[in-house]
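Here is what each chain is made of, one letter per residue.
Protein chains: 2
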Amino acid sequence: MSTRSKITYTFTDEAPALATYSLLPIVKAFAASADIDVETRDISLAGRIIASFADQLDSSQPVEDELAQLAVLATSPDANIIKLPNISASVPQLKGAIAELQAQGFAVPDFPEDPQTDAEKEVRARYSKVLGSAVNPVLREGNSDRRAPAAVKAYARKHPHSMGKWSMASQSHADYMRGGDFFSSEQSFTMPQAGDVRIEFVGKDGKVELKKQLSLKEGEVFDGMFMSCNKLRAFFEKTLQDCKETGVMWSLHVKATMMKVSHPIVFGHAVSVYYKDVFEKHGALFEELGVNPNNGLSSVYDKIKSLPASQQEEILHDIHEVYSHRPEMAMVDSVKGITNLHIPSDVIVDASMPAMIRNSGQMWGRDGKQKDTKAVMPESTYARIYQEMINFCKTNGAFDPTTMGSVPNVGLMAQKAEEYGSHDKTFEMKADGIMRVVLADGTVKIQHEVEAGDIWRACQTKDAPIRDWVKLAVTRARQSGTPAVFWLDPERAHDRQLKLKVDAYLQEHDLNGLDIRVMDYNEAIRFSMERMIRGKDTISVTGNVLRDYLTDLFPIMELGTSAKMLSIVPLMAGGGMYETGAGGSAPKHVQQLIEENHLRWDSLGEFLALAVSLEETGIKTDNRKAKLLGTTLDAATGKLLDNNKSPSRKTGELDNRGSHFYLALYWAEALATQSEDAALRERFSKLASTLAEQEATIVAELNAVQGSPVDIGGYYRSNPELTSQVMRPSNTFNAAIDALIQG
Amino acid sequence: MSTRSKITYTFTDEAPALATYSLLPIVKAFAASADIDVETRDISLAGRIIASFADQLDSSQPVEDELAQLAVLATSPDANIIKLPNISASVPQLKGAIAELQAQGFAVPDFPEDPQTDAEKEVRARYSKVLGSAVNPVLREGNSDRRAPAAVKAYARKHPHSMGKWSMASQSHADYMRGGDFFSSEQSFTMPQAGDVRIEFVGKDGKVELKKQLSLKEGEVFDGMFMSCNKLRAFFEKTLQDCKETGVMWSLHVKATMMKVSHPIVFGHAVSVYYKDVFEKHGALFEELGVNPNNGLSSVYDKIKSLPASQQEEILHDIHEVYSHRPEMAMVDSVKGITNLHIPSDVIVDASMPAMIRNSGQMWGRDGKQKDTKAVMPESTYARIYQEMINFCKTNGAFDPTTMGSVPNVGLMAQKAEEYGSHDKTFEMKADGIMRVVLADGTVKIQHEVEAGDIWRACQTKDAPIRDWVKLAVTRARQSGTPAVFWLDPERAHDRQLKLKVDAYLQEHDLNGLDIRVMDYNEAIRFSMERMIRGKDTISVTGNVLRDYLTDLFPIMELGTSAKMLSIVPLMAGGGMYETGAGGSAPKHVQQLIEENHLRWDSLGEFLALAVSLEETGIKTDNRKAKLLGTTLDAATGKLLDNNKSPSRKTGELDNRGSHFYLALYWAEALATQSEDAALRERFSKLASTLAEQEATIVAELNAVQGSPVDIGGYYRSNPELTSQVMRPSNTFNAAIDALIQG
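So the protein lines, in turn, are chains A and B.
Counting in full-length UniProt numbering, the first sequence runs from 1 upward without gaps.
Counting in full-length UniProt numbering, the second sequence runs from 1 upward without gaps.
The set of hints was computed from the structure by calculation and includes no laboratory data.
You can take every hint at face value.
Straight-line alpha carbon distances no greater than 30 Å define the calculated DSSO-like cross-link-like pairs of lysine-lysine that follow:
hint : chain 1 : residue 1 : chain 2 : residue 2
1    : B       : K6        : B       : K639
2    : B       : K158      : A       : K231
3    : B       : K28       : B       : K620
4    : B       : K165      : A       : K371
5    : A       : K129      : A       : K211
6    : B       : K536      : A       : K499
7    : A       : K276      : B       : K165
8    : A       : K371      : B       : K369
9    : B       : K499      : A       : K536
10   : A       : K244      : B       : K371
11   : A       : K369      : B       : K371
12   : B       : K371      : A       : K371
13   : A       : K165      : B       : K244
14   : B       : K211      : B       : K129
15   : B       : K276      : A       : K165
16   : A       : K238      : B       : K371
17   : A       : K238      : B       : K369
18   : B       : K165      : A       : K244
19   : B       : K238      : A       : K369
20   : B       : K165      : A       : K238
21   : A       : K158      : B       : K231
22   : B       : K238      : A       : K165
23   : B       : K369      : A       : K244
24   : B       : K244      : A       : K369
All values reported here derive from a predicted model rather than from experimental measurement.
Can you build the whole structure from these sequences, using the hints too?
This is the structure:
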């Protein structure tokens with residue numbers, strides 16, 4: 001007999017959180033029948049802000065740091081976590097959330113843009129932990145296994161998403177720095193034994209400043225690298241001149257959310273180079289006003305509001321003038337005049353580049369028309385893969401979702417591996433000098449001559465995750481019978497260190513009959529694409545950044561979205577975390593719900609994750625009912641896809657809530673018709689027939705509420721009662737689910 | 001002691017033949033000092049025409065078939081042949097030569113365009129053997145070893161040729177058929193034992209027509225393939241529409257000279273598709289006039305001359321009308337209005353594509369300006385490598401001659417290997433039906449369903465040349481310490497057969513320490529280019545077509561010309577043939593000589609070939625003097641390059657003849673200062689000092705004649721006395737050389 005077990009379901013933000021109000025009651029009711037409790041943990045942006053200032057709040061207000069609790073759980077063998085997408089907050093988003101919480105009566109402090117006093121610095125430090133990608137690095141105590149579920153792939157082949165045609169004469173391309181960036185300066189070493197390292201800055205005067213001290217483990221790989229500010233700015237200027245000459249539109253693609261320290265600076269340079277005339281002319285004033293280009297041109301608009309109208313007009317006029325001699329810039333929203341440089345979180349490389357490639361290599365111009373584009377991505381390390389894919393599409397045409405193979409990913413991610421854990425080791429140089437990494441015994445392992453403005457960063461990659469990653473790659477290659485390619489560039493110092501470990505750890509496994517290769521990034525993506533257009537699958541085994549990029553890039557080509565991917569984090573401690581796809585255009589979804597009471601969010605990712613989670617629970621706790629819940633949920637998901645019961649984008653048609661109803665119906669039917677467990681069959685037969693009989697009524701009730709605005713009491717922290725009412729509008733359906741719990 | 005030995009120097013056409021009048025006396029004089037006779041063999045187009053009709057000529061006229069004699073020599077171990085570039089005659093060229101010979105009193109018959117009587121067919125058959133690439137296939141009784149000599153590479157690094165900048169936004173590309181071409185229909189098999197095969201056409205009525213019977217050797221690889229006429233024409237139309245839409249210029253790149261049966265047909269379809277309106281409207285008239293689109297638009301201009309002026313005007317007007325709705329076409333000569341489609345021999349893919357790539361991916365438009373271009377190359381088999389290089393240049397910029405590595409070639413060529421020996425097995429289908437290849441026992445080995453107009457061809461590749469090719473690749477890899485890549489595409493039936501042999505024959509060699517790989521064409525060129533931009537060399541080991549294409553492509557990037565390559569044919573019988581680079585723009589050179597008495601032809605290829613030839617003679621006949629002549633000639637060539645004594649393009653400056661003088665001077669000096677052979681030292685000391693003393697006089701004499709027109713008595717067959725006088729205008733220099741012979 002199995003004992004009660006637990007699945008932890010995360011409560012996050014925006015559309016996924018709204019959907020949770022509808023889906024979770026169903027899931028809880030079904031899971032209870034297998035003695036599984038489904039508990040929630042609030043890791044929303046609002047929740048994390050509140051938890052950060054728990055000591056300063058009214059004692060009646062919720063204060064638990066549920067993210068910290070989850071992080072502890074992730075290191076336990078019992079962990080079984082369903083992780084929904086959450087906000088990686090940019091500064092503007094953070095400020096929005098703070099304002100909303102303050103309005104709701106939470107005494108959280110303002111965000112100090114330019115902290116001066118110790119108190120302000122303390123507040124800023126707390127908020128820094130909330131900024132950007134603050135959740136995943138904490139929870140991801142395992143590497144990443146992402147793939148297209150068979151049902152989803154089959155559906156995509158039958159119902160292919162639209163793919164823009166590619167012209168061989170397309171002018172679009174990805175442009176990147178040739179020297180002067182992180183790639184060309186990377187140095188790397190492996191710790192022969194555990195010990196401390198110091199990151200130091202040595203000034204021109206010889207004075208040594210300790211930037212950071214760290215304790216490294218044995219076998220840990222440590223990298224140092226920097227991007228030259230002067231070369232970065234010269235590069236931006238060159239790309240602008242080039243676009244001006246060739247008539248190709250200019251666009252910028254960085255990841256200011258995830259790379260929350262280095263990329264906002266890169267983004268800021270793009271802003272101040274593009275609008276050079278404005279920043280030069282009004283430099284002193286902007287300084288005074290606290291304009292920060294790293295927050296985008298919106299920072300200018302924002303800060304100049306305090307100025308007299310005539311002065312505002314002059315600045316707006318000067319901004320407008322810039323457009324007359326700068327090349328056309330890609331727009332985020334051409335109707336509202338929101339450019340690529342408006343705020344740093346609008347264009348995120350791993351989503352924006354696949355979108356561009358899917359769209360014939362084009363982005364949208366000021367006139368709302370799509371145009372060939374120079375995609376500017378300063379970091380050459382990763383930008384090259386996009387240029388390779390663009391060249392491939394020019395030569396071979398757009399990918400064909402009806403025939404193409406798949407590129408699943410095994411990604412090195414655990415314990416904040418590589419660049420994605422570099423934020424606390426990233427520094428913008430205040431002066432010329434030397435940055436160096438020194439061992440406890442004084443040995444200098446890494447040394448760079450830097451100039452003021454350069455961005456220096458260090459990355460850590462622990463040995464145990466690497467070993468686990470190699471094991472996961474071999475396991476996946478074996479289970480899927482698919483070639484696996486380690487993407488390691490012999491021209492990168494870091495990858496050379498990794499290659500040594502990969503070679504060694506591969507020897508720990510039976511490789512007989514497996515096709516496991518090591519290729520540089522260009523070779524690897526080309527090899528994978530050549531196979532892909534011939535219908536063949538290839539596992540990409542990559543570092544952390546490529547994991548993130550590729551698990552958007554390939555799924556968006558194959559499936560039209562990355563949200564439909566199965567995303568498993570086999571935790572190193574033995575537990576499992578099941579992630580449910582990307583946030584995508586979640587903000588627009590919330591807006592549509594509030595304005596028209598229609599939620600187009602597709603919970604497919606949750607369905608897929610939940611099925612694996614239930615199966616794993618069943619296996620680990622020897623709970624056959626749980627396994628059965630998992631396999632029947634998979635069957636129900638397949639049927640949902642086949643019957644086209646995913647949410648429509650159009651108000652008045654089936655939305656997220658209706659889709660959940662059909663999932664419940666199909667899931668109940670699958671349980672009612674299985675022959676493995678009589679108790680479950682009986683329990684769900686009643687629900688299945690009730691739901692089938694009431695289908696028309698329920699769908700009518702669900703659709704009837706659509707079309708009018710609703711109030712959910714907040715964006716970042718909506719009112720739970722109001723939201724639940726909005727998200728569960730069918731009394732008939734609610735009653736059926738409630739009856740299951742009681743029954 | 002060595003006995004007298006012999007070097008056979010070919011007498012060819014155009015500029016190389018003119019240069020021979022100046023260079024050969026020098027070479028003979030130097031070689032005599034090592035007991036080497038230098039004899040000539042006339043393999044010029046005119047000579048070959050005359051030999052073909054020897055039976056019909058005045059008995060006093062020269063009649064020996066020197067090409068046939070040379071072919072016999074090539075299969076002897078004593079062969080030591082210096083092979084200069086010769087004309088691969090197109091029909092217009094052939095007709096020009098015939099007219100000239102007739103005017104000179106040779107009773108050679110007219111070229112029968114449309115032979116009807118048996119006599120006409122007999123004449124046509126004789127001329128067919130003269131057409132196109134008729135010399136190399138006969139002489140090339142060995143595979144090919146081509147590389148950039150160290151001195152030439154060093155010179156190119158010090159004095160880089162111009163390279164057009166590449167823009168990442170370039171719209172240029174290579175476009176090719178996706179299905180319906182030779183690539184997609186290729187079938188291949190290997191003869192398990194010697195035997196006959198029949199190539200048969202089976203009509204819709206079941207009637208079997210024998211197209212060709214052949215005796216194959218054991219181990220011979222035999223391929224059949226076809227290009228669909230309908231798909232080819234649809235492809236051309238699509239490329240034209242695409243250019244019209246994208247504004248990219250249209251250009252065609254085939255090799256109608258070498259691929260003398262299949263490519264003129266392909267070219268003809270391009271003409272009749274581009275000028276579709278004209279050919280449709282005037283179809284019946286054109287038929288009557290004997291217009292043949294395979295000869296280019298010039299055929300229309302030519303044939304309509306017999307029409308009344310008003311009718312001519314109408315046709316010319318209709319041709320002009322075409323340009324208003326077809327895309328702009330690349331020009332061969334924009335001043336004279338000569339387009340890509342004027343005559344089939346103007347644009348030859350292996351020269352035109354490197355020129356385009358070197359020129360920023362652009363060709364010249366009607367207005368004389370360079371523009372982004374669609375390079376149309378129907379055969380996808382080989383076109384893909386150009387698209388790969390174009391993508392590479394878009395991404396990485398133009399190649400840099402000062403730093404780039406080299407891609408030498410080991411090419412499978414002997415005994416008319418592959419497509420280059422397919423001319424007698426190429427058929428344009430007259431009706432729908434089946435083409436098949438049948439063994440003597442009736443087994444059908446290859447079968448294709450074809451339609452009227454399709455181009456079907458078979459290729460042979462004998463086993464011994466393949467084995468020799470593998471051996472040569474291993475030898476070159478060993479001697480040069482360079483990785484060698486076999487370019488074999490697993491998606492090609494022919495290459496799969498070759499791969500089996502390569503794998504087997506590699507086992508016959510010691511591969512220890514060698515880096516020998518097999519890659520498909522895209523992989524191979526990409527691998528080679530990635531190494532090249534990092535300064536590394538990579539041997540390309542390829543089939544016959546790629547040999548031809550790559551030994552222009554890479555040298556033109558590396559050295560600015562392929563004429564400076566060392567091109568050795570280690571003959572399978574044990575002899576050696578030393579080829580001296582490409583013809584290039586030889587016709588323009590002759591024109592300049594006749595109009596301005598300046599010959600810009602660079603004999604560097606002859607110098608390099610001669611040095612290897614002398615060294616080989618020395619080794620084979622144990623003639624130390626010969627070896628010394630070789631090494632000193634190499635030193636002289638290096639000095640010539642260093643001192644910039646190559647011919648200038650400008651009339652009035654040092655030309656081919658002056659360059660020969662400096663070669664003689666430096667060669668004599670090298671011999672006069674060596675310490676290995678006292679006799680030679682003494683013999684050449686006098687010449688060295690004479691030439692050094694008379695340098696100013698000789699150069700003045702050589703330059704003084706320039707600027708006025710000269711008469712050499714013919715283009716295809718110039719008058720030997722007149723030409724010799726023109727090419728040896730310095731009495732001082734002539735006297736010094738004569739003195740050496742006597743001396």
